[in-house]
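Chain order of the listed sequences is A and B.
Numbering-wise, numbering that gives the first Met the number 0 puts 3 at position 4 of the first sequence, and it's gapless, one number per residue.
Numbering-wise, numbering that gives the first Met the number 0 puts 128 at position 129 of the second sequence, and it's gapless, one number per residue.
Just so you know, nobody snuck in bad clues.
Keeping only pairs whose Cα atoms sit at most 25 angstroms apart, straight-line, the calculated BS3-like set for lysine-lysine is:
1) B:K155 to B:K145
2) B:K55 to A:K185
3) A:K22 to A:K185
4) B:K97 to A:K97
5) B:K97 to A:K185
Rather than coming from a laboratory, the hints here were simulated on the basis of the structure.
There are 2 protein chains.
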Amino acid sequence: MQERVSGKKRSAEKTPVEPLAHKVVLGIDPSLRGTGYGVIHLGRSGPKAVAQGTVKCGSKLERSHCLHEISRTIREIVHKHQPTVCAIEGLFYAQNVKTALTMGEARGAALAVLAEAGLEIFEIAPRKVKQSIVGYGNAQKIAVAKMVQRMLVLKKLPAPDAADALALALTFVHLHKRFAIDPAQKI
Amino acid sequence: MQERVSGKKRSAEKTPVEPLAHKVVLGIDPSLRGTGYGVIHLGRSGPKAVAQGTVKCGSKLERSHCLHEISRTIREIVHKHQPTVCAIEGLFYAQNVKTALTMGEARGAALAVLAEAGLEIFEIAPRKVKQSIVGYGNAQKIAVAKMVQRMLVLKKLPAPDAADALALALTFVHLHKRFAIDPAQKI
Numbered sequence: 000m001q002e003r004v005s006g007k008k009r010s011a012e013k014t015p016v017e018p019l020a021h022k023v024v025l026g027i028d029p030s031l032r033g034t035g036y037g038v039i040h041l042g043r044s045g046p047k048a049v050a051q052g053t054v055k056c057g058s059k060l061e062r063s064h065c066l067h068e069i070s071r072t073i074r075e076i077v078h079k080h081q082p083t084v085c086a087i088e089g090l091f092y093a094q095n096v097k098t099a100l101t102m103g104e105a106r107g108a109a110l111a112v113l114a115e116a117g118l119e120i121f122e123i124a125p126r127k128v129k130q131s132i133v134g135y136g137n138a139q140k141i142a143v144a145k146m147v148q149r150m151l152v153l154k155k156l157p158a159p160d161a162a163d164a165l166a167l168a169l170t171f172v173h174l175h176k177r178f179a180i181d182p183a184q185k186i
Numbered sequence: 000m001q002e003r004v005s006g007k008k009r010s011a012e013k014t015p016v017e018p019l020a021h022k023v024v025l026g027i028d029p030s031l032r033g034t035g036y037g038v039i040h041l042g043r044s045g046p047k048a049v050a051q052g053t054v055k056c057g058s059k060l061e062r063s064h065c066l067h068e069i070s071r072t073i074r075e076i077v078h079k080h081q082p083t084v085c086a087i088e089g090l091f092y093a094q095n096v097k098t099a100l101t102m103g104e105a106r107g108a109a110l111a112v113l114a115e116a117g118l119e120i121f122e123i124a125p126r127k128v129k130q131s132i133v134g135y136g137n138a139q140k141i142a143v144a145k146m147v148q149r150m151l152v153l154k155k156l157p158a159p160d161a162a163d164a165l166a167l168a169l170t171f172v173h174l175h176k177r178f179a180i181d182p183a184q185k186i
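So here's chain A without its partners, still in its complex pose (with noise of 0.2 angstroms):
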């Protein structure tokens, strides 16, 4: 797996091989309390969302039962729909340290439980996960989140941190299908 990806960058203008070789594919939106997920899968009939929801954690939680709950909950969505890449919210904008070290602590705490389940993990940027989506690196939450419910038929608008890591998921697949000049970058 490791050397298809690493040596795409090369074949890529040849072999888009990547969406073949996942079915399906986890997003993960990671926040302490609220980290969004999505899970898709790849058929025929285009990208499917299978799952979708965020982890809650309310103000007077504990820190680190947060950082559990978030394990704990992708722990059972990966075990429950067996997904076999994740991509995930890459570079952000933190307002300063204090915030940088507690969205660290809860991309940690999801990042550990995937790479023991043995997923490929992809970090996508925010604003490359926007313009894949609407057009546009500067779009707002909520365009995001109609696009998706559009792109996936979805009945209902998605949460916006659901919405989110669908949008991951959705803009992975949406990098390594075609072309890809500037694929994502595995963690």
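Once you have looked at the hints, place chain B on chain A.
Leaving out everything else, chain B in the frame of chain A:
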């Protein structure tokens, strides 16, 4: 447990109960490529180190795999030594947002496992550890390691990261043993 801890500030002058509640203390100094850990046992003849080491991850290992290695190792230690409380390095000096994110990830991977195992988790600032162990908040790492060696009667000087972890565990005991005016913060 929670009540006893949260009520400590008020009743600390009369009832220094913490050290009796915990017989095995785990110290963790998290970092992506070199997480230090140390377990001390509190017996009648004073604290004794029962385990110490570093989770080493080479620079070529993918980040997510390092995080998995951290969580896997901590899970093993907890299973083997059954600590009931963990002292983890708290507020630190981070050069920038990126460093903070990476350090946060290592913390998150560790904290999720610790919370899952039901340990009480306390955060102690590095400065406080140095003050408690060496008596000087800006003490050098080697001074901390030498003092830890003396306090725990170790034959060899512990490795830097393991020494920091053992120092965290010892500081937790110090802070909660006496008439705690400024105990560690539960997270």
